[in-house]
Every structure is written in C-alpha cells, then in structure tokens.
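Student: This is what each chain is made of:
2 protein chains.
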Amino acid sequence: MSERDVERSVSQTVRAQLALRDMILSGRLRPGERISELQAVDITGVSRTPVRLALVRLEDEGLLQAIPSGGFMVKAFTERDILDSIELRGTLEGLAARFAAERGVGARSLEPLKECLADLDQLVRQDPISVEAFSAYVTMNARFHALLNELSASAPLIREIDRVSALPFASPSAFVMAQSALPEAHQILLIGQDHHRVVVDAIENREGARAEAVMREHSRLAARNLRLAIRNRTHLDLLPALALLKSPVE
Amino acid sequence: MSERDVERSVSQTVRAQLALRDMILSGRLRPGERISELQAVDITGVSRTPVRLALVRLEDEGLLQAIPSGGFMVKAFTERDILDSIELRGTLEGLAARFAAERGVGARSLEPLKECLADLDQLVRQDPISVEAFSAYVTMNARFHALLNELSASAPLIREIDRVSALPFASPSAFVMAQSALPEAHQILLIGQDHHRVVVDAIENREGARAEAVMREHSRLAARNLRLAIRNRTHLDLLPALALLKSPVE
DNA sequence: TGAGTGCAGTATGTATACAGAAAACGCGGA
DNA sequence: TCCGCGTTTTCTGTATACATACTGCACTCA
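Chains as they are written, first to last, in the numbering used here: chain R, 1 to 250; chain H, 1 to 250.
Watch out, some of these pointers could steer you wrong.
Said to hold, decoys possible - Across the chosen pairs, the derived CB separations fall in these ranges:
#	chain 1	residue 1	chain 2	residue 2	range
1	R	SER247	H	ARG233	53 to 59 Å
2	H	ARG159	R	ALA155	39 to 45 Å
3	H	GLY104	R	GLU111	20 to 26 Å
Claimed, not checked - Some chain H residues flagged as far from chain R (calculated, every beta-carbon gap over 10 Å):
#	residue
4	LEU53
5	ILE188
6	ASP237
Calculated from the structure, these hints are not laboratory results. None of the values given here were measured: they were computed from a predicted structure. All C-beta atoms in this analysis are idealised placements derived from N, C-alpha and C, irrespective of residue type, glycine included.
All chains should be built: construct the whole structure from the sequences, respecting the hints.
Tutor: In structure tokens, the structure reads:
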C-alpha cells in the first residue's frame, strides 16, 4: 500500500492520533502543556470529533493526562517513572514466561521462538555490529518478545503487556538504538541474547521460577542501558522518549 | 449529593458509561453480543457523541471489544481469563509491596495502614460474622489495598493496578461477598487478614521478597474463593461478574 | 440448485452548529 | 501597586445532519 493509499484509507481518528503522538514524542508539545481541541484541529487538519477521540486514545495510551475541569495536557514523567515502567514490563513478561513454563508448550509452538533466537544469534555474532544490524536486531527482538508473550496463552496478560510496552520508553526495544552508541554495546547485546536463550531453555524444561527470574533481569538490562546513555550523554538524540521527562537531561 | 443532583451534574458521557456498564454486568447484554451506537442511544437516552465516547472508555476498561469492521461487542471471558486476571493483580500488588519494602516507608505513612489493619481485625474477630460486617469488610479491605498500593509511590504501577482491578472479577473484593455464603467463610477471612498483617510487617522490616510473595499468595485466596463458590453453586447471584463468562456456569 | 451480484437498509465515521462553563483579561477601587 | 469583580472570549460538552462503508437478503444467471 502506497503512502497515499494509507492517507486515504486510514480513518481521520487514527491520522490525528499519529500526528499528535508524533508531536508529543518529538517534544514539539512540551510536558505539562495544555493541548486544546482547537489547537489539535489546527495541527492535524481534521475536525473536532475525530480529534477528541484521538485525545482520549492518547490518554489511555498514557501520553496525555485528563484535566479535571476538562481537556488534556501532555503527561510529564520522572526518570523514576521510566525505570518503574521498565521494571513493570519485566514483571509482566516474567509472569508470561512462568505461565508458558508451568503450563507447558508443545515443541511445535516453541519452533518459531527458536528460529527467532537463531536469527538473533546471527546478528549478534558480528563484531563490530553495523548500524543496519542494530536496526534489524530491534525488529527481531520485538518479534521474540511478542512470540514469548503469546506462549503464555493468556489474553488478559498479553493485553496488559502490550499496554505497558506502548509507552515509548518501556518497550523491549526502547533503548537498543541508544545503546548502539555505547562502548559496552556489543557486550550488552550478548548478555541480552543469553537471557533470551536461557528463558527458552527454562520454558522447555518447565522451570517456571527460572523463566520468570530471567525475564525480570532481562528488563533490567534496558534500565541499565538507559542510565548509561543518560550519564554518558552520548547520542541523546537516539532517545526521543526523553522529551517526556519533567526536567530534561540535556 | 442527592441522586437528582448527580444526574444533573455528571456529564452525559459518564451517565452513558454507567448505564451501559450496568447493562453488561447484569447480563442484560450478553457476551459476544454486538452493541450498536443507536441501540446504546436508546438504552442511555443521550446522543451518539457521548455514547461513542462511553463505548471507547468501556473498551479500554476491558468490558467491550472493538470489531475490526467498526463498532463494539460485549467481551466474553473464560474461567481461565478470570483466574489469570486475579494472578495478574496479585503480581502487580506484589510488586507494589516489594517497592514499598525496598524503598522504605516512614513510620508516619505506615500509620493509616496499621489503623486499617486494626479495623479489619475488629470485623474479623466476630464469630459468626454478620452480613453487615462482611459488607464493612469489603469496604475496609478495598481501603487497605489502596493504601498499600500507594506506599509503592509509583504512579505507573498504581495506574496499572487500578486498571486491572477495574475488571469486576479481578478486584480484591470481588469474591468476598460470595465467600460469605461458604461454610469456610470465617476461616478464609482469618487467613486473608493474616496476609494483611504479614505484608505490613514485611514492609516495615524492608523484607521485599517476603512482601511480594505474600501479596501474590493473597490474591490466590480470591482465586480459591471463586472456584469454591462455583463448585458449590452457592449464591451464584452474589457473583454478578459471572454474567461475562463465555459459557455460564448456572 | 448453488453461487454471485445488486440493492436496500443500517451502521459507523465525520463535520459542524449551538449552549453552557471555564478562563483570561481589563477595569475600577482600595 | 495590588486585589477583586465583571465582562469578554475561548473552550469543552452535546446534539445532529450528512456521507460513506458495510451487511444481509433476494433475485438472477449459469
């Protein structure tokens, strides 16, 4: 589908949602700033009805906050909020891994996960790793996590994981690109990939506690990446999510 | 505020949301049933704009499901979904308790929780427990859980806990009333109250792992209640949430 | 007889007009 | 100069009209 087709086929609501999200994540709308419907109409070019729907959607996506007297403002996050959200995701993914392990998954449903694991191995093996490989890693990593979550076979859980991961700084791949600029980059990637390997092994052997613990620790890698990237102040431009911080680090 | 004042002051959107939620939870709208906007307009008496907003809100509350081609249907849950949601809540509350324990809370902020604990003790001490006491327990229990979650001092976490607990069958007090009809009622209440005591103790002593484990187990009490109530088929009318089950037990 | 097509009815998506409430602004007085 | 109050403007909440997409049914043709 060409871009023009997309523009034609996608609903005005979705279009407004995308445009507004982009404005927020790029920092053109500052945290704490009130965003009026009329202003949103100007930005997006669609009428108030779909704009309003988009605002509601962005609210429960977590990017906006409702003002008691009506209207919305851009939500402001602290560094602690971000770290907590990562821990939260890790906890949920840990639960998913434990469910998968305890309930047992057939060899067939484990197959796609193992293929994904092998693909990731291919990418990680390079030294040094190209930027393209990093980019491919991000895609494949997201796929791995999605497959893993599905193995829990728990719709309510998957729903919550998706919700938490929708926050731009809490997704499994949020800081991989930023990490690419770090000297420890390759090392961190190798460790992360080992986590992947271990969790698959644990699920296969029905070791629920192990699977859970590893996925929790896995998420803490993202937390470490974030802290490293902020401290080193290297390539902060690779961390668009930081535009949401109450007091910007830059 | 009198009921008429509420009707006057509350927005049409909220009114529609309440009316529709009531229809769903009472089973007058069946799981899987499509619910058109026009139908919702008839039910609620407000116009399409607020009705549509209410439908969107109910969707991310988890009671409705979006149909790909447009519109919404009442979501259907399996017994497994319900049990998973309870485990999910337990996991999140466990994380909250661990945060509280690890980060440390001052004696002053622990005070309201301890008062709440004492109040619950008063209620539980009765034997046999009156229906009024059960009802009071539900209220006080909800307060205890809310206070506990706040001790985590983590806005993202509290947000998710509130969201999960909004599901009518996943809240901490969902099955307490049903439990009141069980012969094991008093016993179960005493055990639950002991969990409460232990988690406060663990937080006070900064025992994060213990606090987390206890809150997880605490949620499993709700799961046991649910299973008992369903098996015994006693007072299923006290379990309005069962109207959401794909294949009703009754 | 079965499958496909066209039409009617109905649903949702969108734009816009209007009313009421909140906020911003300026003016006057202490 | 600062505070309070009234006015004006702007914003949100709501209703409704219109356009478009979808669904279901009947009819036709192979």
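Student: Does each hint hold? Answer for all of them.
Tutor: Hint check results:
Between SER247/R and ARG233/H, the C-beta spacing of about 57 Å keeps the proposed range 53 to 59 Å intact. Between ARG159/H and ALA155/R the C-beta distance comes to about 20 Å, which lies outside the given range of 39 to 45 Å. At about 46 Å, the beta-carbon gap between GLY104/H and GLU111/R misses the expected band of 20 to 26 Å. For LEU53/H, the shortest C-beta to C-beta distance to chain R comes to about 7 Å, within the 10 Å cut-off, and the non-interface label is violated.
Non-interface status of ILE188/H relative to chain R is upheld: no Cβ of that chain comes within 10 Å, the nearest being about 24 Å off. The non-interface label for ASP237/H is consistent with chain R: the shortest C-beta to C-beta separation is roughly 25 Å, beyond 10 Å.
The structure does not agree with the numbered hints 2, 3, 4 stated previously, though it agrees with the rest.
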